[in-house]
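Undergrad: For the record, the sequence lines run as chains A and B. Here the working numbering is used: position 120 in the first sequence is 120, and no number is missing along the way. Just add 1000 to the spot in the second sequence (first one is 1) and you have the working numbering.
Just so you know, these hints were derived from the structure itself, not from any lab. Note that the structure is predicted; figures quoted are calculated from it, not measured. Hints may contain errors.
Just a sample of chain B residues kept apart from chain A, beta carbon distances all over 10 Å, derived [to be verified]:
hint, residue
1, 1063
2, 1096
3, 1106
4, 1114
5, 1192
Cβ-to-Cβ under 8 Å is the rule here; a few derived chain A residues that face chain B [stated by the list, open to error]:
hint, residue
6, 17
7, 20
8, 317
9, 320
10, 324
11, 326
12, 327
13, 329
14, 448
15, 452
16, 455
17, 456
A virtual CB, placed ideally from N, CA and C, is assigned to each residue, including glycine.
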Amino acid sequence: MNALRRGVRNAFRNAMRSVGVVVILAVAIALSISMLIARDAVTAKINTVRSSTGNTITVSPAGFFGGQGGGTPLTTAQITGLLSIPNVTAVQAQLSERLTTSQTNLVTPITAGSLGSRFGGFGGRSGASGSTGTFSVPISVIGTNSPGNSLVGGANGGGTEKLTSGTTFSPTSSADVAIVGTDLATKNKLKVGSTFTAWKTTITVVGIYDAGSTFANADALMPLATVQKLAAATNQITGATVVVNNINNVAAASTAITKKLGSAADVTSTQATVQSQLAPLNSVKDISTYTLIGAVIGAAIILLLSMLMIVRERRREIGVLKALGATNRSVVSQFIAESTTFTVMGAIVGFIVGVIISSPITSALVSASGGSSPGGFVRRGTGFGGGGSGFTPPAGAATGGGGFRFGGTRGLGNTLTQLHTSAGWSTLVFALLAAIVIAALGSTVASATITRIRPAEVLRSE
Amino acid sequence: MLNVENLNKTFKTDGGEVHAVRDVSFHAADGEVVAIIGASGSGKSTLLSLLGLLDAPDEGSIDMNGTQLAHLDAAGRTKYRSRQVGFVFQAFNLIPNLTAKENVKLALEFAEWPKDDRDARAEQMLSMVGLGADKASRRPNKLSGGEQQRVAIARAFSAQPQLILADEPTGSLDRATGQKIVELLRNAANTQKTTVLVVTHDEKIAKQADRRLEIEDGVLTEIA
């Protein structure tokens, strides 16, 4: 029977103590495993949110906001020039226009109501009758060069547009085509292939979308070039969304855009909002990291004290082993094997328990940190009269990249608590590494004590 | 043949220096049983520690069949202990969670006895001290004091050491059992031609040795 086998056997020498040590180690390791899983889940969520929602910058003419205010439109050249800024990967431009009853045969599905009557006359946004008379909500037409994103990104006044029939148009299209909201289509009995008149031009409906909101479903999307041509707004842009390759570069890109466009544009990014929303998750990540480290250190200290107690208790036995000719290495190996046995048993139990409790612990941590609050997002849209494309974000994004939507970020808040916890090979490897670290740290003082025990003490204590 | 010359050992304590062993010189032949008598604190255990290479002397030499042992380094002392010295303690000092046989095999393992022969050797040694297979598989707490000391003797002799150091081997036993243990030591010494040094308080035990030495205040003298 070699030293290692003796060590493993010694781990079961005192059943009560062994159970106690293993249980305490298992609790500590379970805590560290659950914290690791929580940390991984939160990190994955943060990365997902950052990669999908936090890397956009909104550019609009200075003083203009969703069809309100004033200012001078930006030009296509100005917006295209933004592509030369480092880390900018795409620029999605839009031109928001509204069709009054004299410019189209379409009828809005939205009734003005008291709100329309109250706000309809402001800022020259009235429909047919201006500030007096009856107000009719105009038809919003959004010219965009990124129709693909617009239909999956959640834009145009809130909600997420889903193409319910037909197809979309190409980004560079200048055809007289449109994708219309379901409410607008229903109100005007439009189907794919139907036509309507805008700016005295016949427009063909190529697709119908559902955005989930009455306001957004009353709009029409058309190619940017087409709207610029028909609305006599050649080269005019009323909003753009700049996509940056990484959220960490958003601030620098935002500064560069401001510098490039000067006072002609208002430049805002979603970074601050997203960072603010991610703060609770970052807090959870920090807490789980510190707890993980603390649990491993705690387990090591528990094992260290236990092994020290065992070594002191077996001082005479160690002396006897040395007197019989055992080397320090042999005796130390025996005790390391014993502490490793404790740790491995604790790690196995702790791993299983940790995996089981990781999901509720993660949820509890996120909830306690305020990560569940969906109300933290800033409403970015204008509500009434909103226009800009807002079709920016890549798939799954919901942050208001277009700047002219509300509710665009609402979905993010709701998904922050939807964390997926899982234990993969990396977790298992961590458990093993943690066990090794715990066993190694826990054995150090005991080993040092063993080497100091002199076999002559056995005879003296006779 | 054990030959000890001018052995000295001093300890520093809070109360000053203690000269535990003073100019100790003696010799013992192979197979000889030598009793060392001394009061508590006379230096017996220190002398055994030095002879068993559990401690290093300040001065003097220990010669075992032509090999100088007194100033071996720690690794050399450990190797020597595992192969050339056997210990028998008053409190037996068996490893409690190992069986009698495993306790004997432990000494064989440290002496790097061939693995395949350890089982047979352990059984042979236990048989030599009168313990059969039923006792061999028991742990120390299932054995009587006398049986435990027999296991300790089997362990001490198992690796065929040149020197056995027995520190009050009968101190925890009744007289009859103690007598049997002394006889066992004598027989083993004769059979294996091993030098046995027995430290004891018991004059009757000491008188059964081939020679008697007395230690007082660290000074060793031979009793005629």
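Undergrad: For every hint, state whether the structure bears it out.
TA: Now the hints, each set against the structure:
1. 1063: Correct as stated: the minimum Cβ-Cβ distance to chain A is 20 Å, above 10 Å.
2. 1096: Answer for residue 1096 of chain B: violated, closest chain A Cβ roughly 8 Å.
3. 1106: Residue 1106 of chain B is in fact no farther than 10 Å from some Cβ atom of chain A, at 7 Å.
4. 1114: 15 Å, holds
5. 1192: Given a closest Cβ separation of 17 Å, the condition holds.
6. 17: Residue 17 of chain A check fails; min Cβ-Cβ to chain B is 13 Å, beyond 8 Å.
7. 20: 18 Å, violated
8. 317: Status holds, d = 6 Å.
9. 320: Because about 4 Å separates residue 320 of chain A from the closest Cβ in chain B, which is inside the 8 Å limit, the hint holds.
10. 324: Hint holds; residue 324 of chain A Cβ to chain B Cβ min 5 Å, cut 8 Å.
11. 326: 5 Å, holds
12. 327: 6 Å, holds
13. 329: Violated - the Cβ of residue 329 of chain A stays beyond 8 Å from chain B, reaching only about 10 Å at its closest.
14. 448: Residue 448 of chain A check fails; min Cβ-Cβ to chain B is 16 Å, beyond 8 Å.
15. 452: 13 Å, violated
16. 455: Holds, because the Cβ-Cβ distance from residue 455 of chain A to chain B comes to roughly 5 Å (cut-off 8 Å).
17. 456: 4 Å, holds
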